[in-house]
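There are 2 protein chains.
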Amino acid sequence: MQADQRRAKRLPRAVRERQIMDAAVDVFSRLGFHAASMDEISDVAGISKPMLYAYLGSKEELFATCIRREATRMMEAIAGGVEPDQEPDVQLWSGLRAFFGFVGENRASWQVLHRQASTQGGPFAAELADMRGRAVSLVAALLAQSTQAAPATELEAESLAAALVGAGESLADWWLDHPDEPAGVVAARLMNLVWMGFGDLVKGNIWHPPSRRG
Amino acid sequence: MQADQRRAKRLPRAVRERQIMDAAVDVFSRLGFHAASMDEISDVAGISKPMLYAYLGSKEELFATCIRREATRMMEAIAGGVEPDQEPDVQLWSGLRAFFGFVGENRASWQVLHRQASTQGGPFAAELADMRGRAVSLVAALLAQSTQAAPATELEAESLAAALVGAGESLADWWLDHPDEPAGVVAARLMNLVWMGFGDLVKGNIWHPPSRRG
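Just so you know, the protein sequences line up as chains A and B, in that order.
Numbering of the first sequence is given in the UniProt record's numbering, commencing with residue 1 and proceeding in unit increments.
Numbering of the second sequence is given in the UniProt record's numbering, commencing with residue 1 and proceeding in unit increments.
Worth flagging that the hints you see were computed from the coordinates, not collected in a lab.
What you are looking at is a predicted structure, and each value in this text was computed from that prediction instead of being measured.
Worth double-checking, as some hints may not be accurate.
Remember, identical chains collapse to one label, so a pair may be satisfied in a single copy or spanning two.
[What the hints assert, rightly or not] SDA-like, lysine to any residue: derived pairs with alpha carbons at most 20 Å apart:
1. K49 with D85
2. K59 with A23
3. K203 with V44
4. K203 with A144
5. K59 with Q145
6. K49 with R13
7. K59 with P179
8. K49 with A35
9. K59 with V44
10. K49 with R115
11. K203 with M131
12. K49 with A141
13. K49 with R68
14. K49 with R16
15. K203 with P84
Please put together the full structure from these sequences, using the hints given.
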């Protein structure tokens, strides 16, 4: 905080890179990839533009690095949120809570990850496809671990995971346009959809987290 | 069939445009937007390149027109496939069957609609967002009509519809990479996920279409 310019320059590279990427995620999420400029990112990061290029390369490289970092942070949040000793429904619930909790607390990350990256296309489509692939594998592993009996085959687990990831992405994207809905409400909706299913929901049978069971 | 060149030129505009767009969807889906050329599209359509531009404009305009047409065809297939007099589960099932049936029979459409458009970004992102919005509204209306009691609010119906559309998109995208899976199997997986829910699936309770009920 009170460090002078010279001392600020001696920050460890990892710390400096984190600052730059925080600034970049902020700027990309607000302005979009095209309108975001390296000038603005270097301003927000409090670093010179040549240093910005030296650390993290071109705007395209910086954006790709942001996508990778935010995807990894999100995946870690989900994997870390799941409690493997719990019943399958509680595991799924904790995973969904972790996902929507991450998106709610990191709307800028989600903007960059999902919306900006998916509307830029080109080289970022590959980053995004890679991220989706990792998310589907993670969810398939969680499903296989928590359900044991079903799904029966690896293909089935993977396809159900793809459906679940798509549902989560799409609902999180919807949430960006309806930010007043609380994270828990949105997570509970998806939980009810995929755990109870419409078959129960139309009968008024709702899933409740353990803390709210009578 | 036996028409000479002069007569072929006198085809009604609507017929001619349909031929061009069929050719364009084919070429875009095989080569992707960037690699697709107006030369190849005019070759496949059997029309001169100036005529191609005169009818449907630039490659960008043609691609956007293809997205709109394929989206409309798909939406019509789903809306037409749902049998409104049936029980809610059969309505949902017929909608999912219509969707996966359309994707299975129109893989090129789906490639263009979903994959190509979403990896191109830019102006096509708006077309794609518009299509998704229409799909979510359609599904929300079907849900509201078929479930009546639940979902309780418009926001809830819309968010569940967003989740369901995302699940369907993502599973259809997964299916492109696993084309050997039959359409009915893929549709039944999503049906079981969203109608029965994992809660029933882990107990081995599976949803069966009416024709297979004992």
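Hint by hint, here is what the structure shows:
Taking the shortest alpha-carbon separations for K49 and D85, neither the intra-copy value of 49 Å nor the inter-copy value of 64 Å comes in at or below 20 Å. Only within a single protomer do K59 and A23 lie at most 20 Å apart by alpha-carbon distance; the minimum there is 13 Å, versus 37 Å between protomers. For a Cα distance limit of 20 Å, the shortest separation of K203 from V44 qualifies neither inside one copy, at 52 Å, nor across copies, at 53 Å. Taking identical chains as interchangeable, the C-alpha atoms of K203 and A144 lie at most 20 Å apart only when they sit on different chains, with a minimum of 14 Å there against 29 Å within one chain.
For a Cα distance limit of 20 Å, the shortest separation of K59 from Q145 qualifies neither inside one copy, at 40 Å, nor across copies, at 48 Å. Proximity of K49 and R13 under a CA criterion of 20 Å is satisfied intra-copy only: 16 Å inside one chain copy versus 55 Å between copies. In the homo-oligomer, the alpha carbons of K59 and P179 never lie at most 20 Å apart, since the shortest distance is 29 Å inside one protomer and 37 Å across protomers. Proximity of K49 and A35 under a CA criterion of 20 Å is satisfied intra-copy only: 17 Å inside one chain copy versus 35 Å between copies.
Proximity of K59 to V44 under the C-alpha cut-off of 20 Å is restricted to the intra-copy arrangement: shortest distance 15 Å within a copy versus 39 Å between copies. Proximity of K49 to R115 under the C-alpha cut-off of 20 Å is found in neither arrangement, the shortest distances being 26 Å within a copy and 36 Å between copies. For a Cα distance limit of 20 Å, the shortest separation of K203 from M131 qualifies neither inside one copy, at 37 Å, nor across copies, at 31 Å. Within a single copy, K49 and A141 get their C-alpha atoms no closer than 43 Å, and across copies no closer than 51 Å, so neither meets the 20 Å cut-off.
Taking the shortest Cα distances, K49 and R68 never come within 20 Å of each other, neither inside one copy (22 Å) nor across copies (42 Å). Taking identical chains as interchangeable, the C-alpha atoms of K49 and R16 lie at most 20 Å apart only when both belong to the same chain, with a minimum of 13 Å there against 54 Å between chains. In this assembly of identical chains, K203 and P84 lie within 20 Å of each other by CA distance solely across copies; the values are 19 Å between and 30 Å within a copy.
In summary, the structure is inconsistent with hints 1, 3, 5, 7, 10, 11, 12, 13 from the numbered list given earlier, while agreeing with the others.
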